[in-house]
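Enquirer: For reference, the chains in residue letters:
Number of protein chains: 2
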Amino acid sequence: MAELRRDPITGRWVIIEIDKAKNPSDYEAEKRVKREGVCPFCPGNEKMTPPEIFAYREGDTKPNAPGWQTRVIPNKFPALRVEGNLDRIGVGMFDMMNGIGAHEVIIENPDHNRELCDLMDQEVEQVLWSYRNRCLDLKGDKRFKYILIFKNYGVSAGASLEHPHSQLIALPIIPKRVVEELRWAERYFEYRDRCVFCDMIHQEIDERERVIAENKSFIAFAPFVSRFPFEFTIFPKIHSAEFSYIQKEEVVDLARILKETLLRMKLALKDPSYNFIVHTSPIDAKERADYHWHIEIMPRMGRSAGFEWGTGFYLNPTPPEIAAWALREVSL
Amino acid sequence: MAELRRDPITGRWVIIEIDKAKNPSDYEAEKRVKREGVCPFCPGNEKMTPPEIFAYREGDTKPNAPGWQTRVIPNKFPALRVEGNLDRIGVGMFDMMNGIGAHEVIIENPDHNRELCDLMDQEVEQVLWSYRNRCLDLKGDKRFKYILIFKNYGVSAGASLEHPHSQLIALPIIPKRVVEELRWAERYFEYRDRCVFCDMIHQEIDERERVIAENKSFIAFAPFVSRFPFEFTIFPKIHSAEFSYIQKEEVVDLARILKETLLRMKLALKDPSYNFIVHTSPIDAKERADYHWHIEIMPRMGRSAGFEWGTGFYLNPTPPEIAAWALREVSL
Chain A
61 MAELRRDPIT GRWVIIEIDK AKNPSDYEAE KRVKREGVCP FCPGNEKMTP
111 PEIFAYREGD TKPNAPGWQT RVIPNKFPAL RVEGNLDRIG VGMFDMMNGI
161 GAHEVIIENP DHNRELCDLM DQEVEQVLWS YRNRCLDLKG DKRFKYILIF
211 KNYGVSAGAS LEHPHSQLIA LPIIPKRVVE ELRWAERYFE YRDRCVFCDM
261 IHQEIDERER VIAENKSFIA FAPFVSRFPF EFTIFPKIHS AEFSYIQKEE
311 VVDLARILKE TLLRMKLALK DPSYNFIVHT SPIDAKERAD YHWHIEIMPR
361 MGRSAGFEWG TGFYLNPTPP EIAAWALREV SL
Chain B
61 MAELRRDPIT GRWVIIEIDK AKNPSDYEAE KRVKREGVCP FCPGNEKMTP
111 PEIFAYREGD TKPNAPGWQT RVIPNKFPAL RVEGNLDRIG VGMFDMMNGI
161 GAHEVIIENP DHNRELCDLM DQEVEQVLWS YRNRCLDLKG DKRFKYILIF
211 KNYGVSAGAS LEHPHSQLIA LPIIPKRVVE ELRWAERYFE YRDRCVFCDM
261 IHQEIDERER VIAENKSFIA FAPFVSRFPF EFTIFPKIHS AEFSYIQKEE
311 VVDLARILKE TLLRMKLALK DPSYNFIVHT SPIDAKERAD YHWHIEIMPR
361 MGRSAGFEWG TGFYLNPTPP EIAAWALREV SL
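Sequences listed follow chains A and B, in order. Heads up: the first sequence begins at 61 in this note's numbering, then just goes up one per residue. Heads up: the second sequence begins at 61 in this note's numbering, then just goes up one per residue.
No wet-lab data here; the hints were simulated from the structure. The beta-carbon is built from N, C-alpha and C at its ideal position, and this holds for glycine as well. Please note: incorrect hints may appear among the correct ones.
[To be verified] No farther apart than 30 Å at their CA atoms in a straight line, the calculated lysine-lysine pairs in the DSBU-like style are these: (1) B:K326 <-> A:K91; (2) B:K80 <-> A:K236; (3) A:K82 <-> B:K205; (4) B:K297 <-> A:K107; (5) B:K94 <-> A:K82; (6) B:K330 <-> A:K91; (7) A:K199 <-> A:K122; (8) B:K236 <-> A:K297; (9) B:K199 <-> A:K80; (10) A:K94 <-> B:K94; (11) B:K91 <-> A:K330; (12) A:K326 <-> B:K80; (13) A:K122 <-> A:K91; (14) A:K82 <-> B:K136; (15) A:K80 <-> B:K236; (16) B:K82 <-> A:K136; (17) A:K136 <-> B:K80; (18) B:K107 <-> A:K82; (19) A:K346 <-> A:K236; (20) A:K199 <-> A:K308; (21) B:K326 <-> B:K308; (22) A:K236 <-> B:K94; (23) A:K94 <-> A:K330; (24) A:K297 <-> A:K276; (25) A:K91 <-> B:K205; (26) B:K82 <-> A:K94; (27) A:K136 <-> A:K205; (28) B:K199 <-> B:K236.
[To be verified] So these bits of chain A aren't anywhere near chain B, every CB distance computed over 12 Å: (29) P103; (30) K122; (31) E274; (32) D313; (33) L323; (34) D331; (35) W385.
If we strip away everything but chain A, and leave its shape as in the complex, we get (with noise of 0.2 Å):
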C-alpha cells in the first residue's frame, strides 16, 4: 500500500511507497568512472581557470598560483554574464530578458580526490564561509535578486568536472520554485502566525524518527514528504531567513553536520552522485519571519519518470523514515 503525504511548504503530494518499500540494498550502486586529462582545478593549473575572485591562500602565496586552499573563480562557460544592463522587453505575448548574471564556481580544496565529507572540518568551514563572502558581496549588485548556492557531484547529477566544486548563481529573477515556497510559508504564517520551517523542525524533533543528526544549531532530517528516495534537509534550529546572516559558532556546527550527513549518505548508498542546494530567502531588505533558510540534499537513486516530470507529482519508493534509520544506522 501506498500514502499520498502533502508537503506543507510546497502543497505538493508525493505518493510514497509504505509496503514495498525499498531499502538502500535494492538500488543499484552507480559506476564512477576516473576521468582522464588534466584538472584546470588542480593547483598549478590556475592560468587554465578565468582568474580568481576571491580565495583562502597560505601566508603569501599570490593570486591565481599554488598556495590556495578554497578558491572562488568564475564559470568559464556560464549561464549568465555578469556586464551590461538588464534589459526586459515583450516578445508577442512572451516576457523576455537579456541573461545578465553571476556564474561562479567555489573550488572548495586543492586535492583532486577529496570529496566535502573527507575533509577536516576546518577546511569545510573554509568552504562555508567562502559561499558566504561572495553572497555578502554580490548582495550589494542590484540588478540581482536571488543567488542560489549548490553542488553537483557525480556525472548523473550533473557534474561536469570531477575535482570537488561548488556553483553559485546570482539572478535577476526570483526562481519559480522559491517564490512558490515563500508564498506557501507567508500563508502558514498570516494563520497561524508562526513559521511554517520552525513548525516542522519542533514536530521532527519531538519525533525523532525522520531526524539523522543533530547538534547544538542545526538538525538534519529527512523530510515527512521527501520526493526522492533518501533526499534530506540540514535546518538551523534559531530561526534565520538568509543563509548570509550565519554567525561564526553556527559555521562550525553547520561544517560538521553537513560533513557528517554527506559521509552517512556516501557509506549508506554506495557513493551517490547527489546535488545539494541551499535554499535562503531572496536579496531584500527584511529579515522575514515567515521563511527560514535551509539545505537540500538529493542523492540521484534512479532515475525520474515522465509523469513526475509533466506534473511535480512525485512517487518515492523509500519512505523517509526508513531513509534516516538507514543514514543513522551507519557507523562512521
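Got chain A sorted already, so can you dock chain B onto it with the hints?
Expert: Chain B alone, transformed into the frame defined by chain A:
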C-alpha cells in the same frame, strides 16, 4: 550570450543559450541494450499480467489470450490501488491520504519491437482510442480528480519494460503542476478573455519559426520557453479543455502528427529516450474556456543538474528555434 524567457503558462523563467547553442550532433547518442528474458507484454504471455481491463481484438479471440491489437491491464506494481475508500487524515502539521487510485498499462501493440512511430496510422489511432476509452470509464469514479496519461520510452526516461506501452494513473488529487497551469491560465483569461494556449498557438502559426508539423486539427511546435533541448508540444488547433472529448476526425489527425513528430525526433536525435504526458483538464463538469489540452514530449538529452531540480529554473542549451529547425529538416 543567453536569453531569459518566461513561460506565460507557468510563470517559469528559463535560461536559453543563444550564442553557443547545442545542435543535435553535440549530444551523445544513448546506448540501447536489448533486455534478456521473457516479455510479459508479448502475445502468448497474457497470463503473466493481471487480467485485462479492455482490449481491441481480432474477431472472436478471447480475453487474456493472443489476438489483441491494443491491450489495457492494471499495473502489476501499482503506485496506487483502486480498492477502498479515500481517507484523509492529519498527521501533526502534515496532511495524508491513503493511496487510492488506478494505475493501468496500455500495451500499444503486440509486436515487441514496433514503437508508436513505426506503427500504421490506424494502429496509432487505436492506442488513442484506448486512452480515451479508459478516461471515459474512470471519470465515472467519484473518488478521482485527475487522469494522467503518459509514456516513458527508454531506460533513462524511466521505462522498466521494453515492450511498447503507455500508462494511465487516476488520482484522488490534482497534481501541483496542473493546478499551477490552471491558475495561470485562469489569470490570463480574466485579464484578456482569451485562452493563453489559443494565443500561443496563433503566435506560433504566425511566426512559424518553432513549428515542427501541422495538419487540419493539430499543430506541433517547440515552445518559446522550452525547458529541455528538443522538447515539443502538440495542441489541438480548435479550443478544447479535455482530451477525452476528442472527436473521430481529430483522432485521425492526432495519430498522424504524433507518429510523424516521434519519427522526426527518433531520426534527428538518434533514438533518444523520451517521456510524453497528456495535459488535460481535471475531472469536473464544466468545459473550461481558459484551459486547452495538449501533449508534451520531452526527449532526454542530458541530465538535469542541481539547481534545476531545486528551483524550477531551467537552463536549456538548445534554443527551440534550432530544435524546431532540426526536427523539421529530417527527411522522412
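Enquirer: Decide, hint by hint, whether the structure agrees.
Expert: Hint-by-hint comparison with the structure:
1. With a C-alpha separation of about 28 Å, the suggested pair K326 of chain B and K91 of chain A falls inside the 30 Å cut-off, and the hint holds.
2. Of the pairs offered as hints, the one joining K80 of chain B and K236 of chain A holds, with about 25 Å between alpha carbons and a cut-off of 30 Å not exceeded.
3. Between K82 of chain A and K205 of chain B the CA atoms are separated by roughly 28 Å; this keeps the pair inside 30 Å, and the hint holds.
4. Distance check on the hinted pair: K297 of chain B and K107 of chain A sit about 55 Å apart at the alpha-carbon level, beyond 30 Å; violated.
5. For the hint linking K94 of chain B to K82 of chain A, the alpha-carbon distance of about 26 Å falls within 30 Å, and the restraint holds.
6. The hinted pair formed by K330 of chain B and K91 of chain A meets the criterion: a straight-line CA distance of about 24 Å does not exceed 30 Å.
7. Taking the CA atoms of K199 of chain A and K122 of chain A, the gap is near 27 Å; set against the 30 Å cutoff, the hint holds.
8. Under the criterion of a C-alpha separation no larger than 30 Å, the hint pairing K236 of chain B with K297 of chain A is consistent with the structure, at around 29 Å.
9. Using a Cα cut-off of 30 Å, the hinted pair K199 of chain B and K80 of chain A holds, with the two alpha carbons roughly 29 Å apart.
10. Taken as a hint, the K94 of chain A and K94 of chain B pair is honoured in the structure, with Cα atoms around 27 Å apart against an allowance of 30 Å.
11. Distance restraint check for K91 of chain B and K330 of chain A: the Cα-Cα separation of roughly 24 Å lies within the 30 Å cut-off, and the hinted pair is therefore satisfied.
12. In summary, the hint linking K326 of chain A to K80 of chain B is not supported, as the alpha carbons are separated by about 36 Å, beyond the 30 Å threshold.
13. For the given pair, K122 of chain A sits about 38 Å from K91 of chain A by alpha-carbon distance, which is inconsistent with the 30 Å threshold.
14. For the given pair, K82 of chain A sits about 17 Å from K136 of chain B by alpha-carbon distance, which is consistent with the 30 Å threshold.
15. Restraint check for K80 of chain A and K236 of chain B: satisfied, since their Cα atoms lie roughly 25 Å apart, inside the 30 Å limit.
16. A C-alpha spacing of about 17 Å is found between K82 of chain B and K136 of chain A, which places the hinted pair at or below 30 Å, so the restraint holds.
17. A hinted pair counts as satisfied when its Cα atoms are at most 30 Å apart, and K136 of chain A with K80 of chain B qualifies at roughly 13 Å.
18. A threshold of 30 Å between alpha carbons decides the hint, and for K107 of chain B with K82 of chain A the separation of about 27 Å falls inside it, so the pair holds.
19. Taken as a hint, the K346 of chain A and K236 of chain A pair is honoured in the structure, with Cα atoms around 20 Å apart against an allowance of 30 Å.
20. Simply put, K199 of chain A and K308 of chain A have alpha-carbon atoms about 20 Å apart, close enough for the 30 Å limit, and the pair holds.
21. Pair hint K326 of chain B plus K308 of chain B holds up; C-alpha atoms about 27 Å apart against a cutoff of 30 Å.
22. With a CA separation close to 39 Å, the supplied pair K236 of chain A and K94 of chain B exceeds the 30 Å bound.
23. Between K94 of chain A and K330 of chain A, the direct Cα distance comes to roughly 16 Å. Compliance with the 30 Å bound is thereby established for this hinted pair.
24. The hinted pair formed by K297 of chain A and K276 of chain A meets the criterion: a straight-line CA distance of about 8 Å does not exceed 30 Å.
25. As the CA atoms of K91 of chain A and K205 of chain B are separated by approximately 41 Å, the hinted pair breaks the 30 Å bound.
26. Between K82 of chain B and K94 of chain A the alpha-carbon distance is near 26 Å, which keeps this suggested pair within the 30 Å criterion.
27. Taking the CA atoms of K136 of chain A and K205 of chain A, the gap is about 22 Å. The hint holds against a cut of 30 Å.
28. Of the supplied pair hints, the one linking K199 of chain B and K236 of chain B holds, its CA atoms being roughly 20 Å apart against a limit of 30 Å.
29. Every Cβ of chain B is farther than 12 Å from the Cβ of P103 of chain A; the closest lies at roughly 26 Å, confirming the non-interface assignment.
30. For K122 of chain A, the non-interface assignment is confirmed: its Cβ lies about 32 Å from the closest Cβ of chain B, beyond the 12 Å cut-off.
31. No Cβ of chain B approaches the Cβ of E274 of chain A within 12 Å, the least distance being about 19 Å, so the stated non-interface status holds.
32. At the 12 Å boundary, the C-beta of D313 of chain A stays outside the reach of chain B, the nearest C-beta of that chain being 23 Å off.
33. Distance check for L323 of chain A against chain B: the nearest CB is about 19 Å away, which clears 12 Å, and the non-interface claim stands.
34. For D331 of chain A, the condition that its CB be more than 12 Å from all CB atoms of chain B holds, with the nearest at approximately 17 Å.
35. Consistency note on W385 of chain A: stated as away from chain B, and its beta-carbon is indeed over 12 Å from all of that chain's, at 18 Å minimum.
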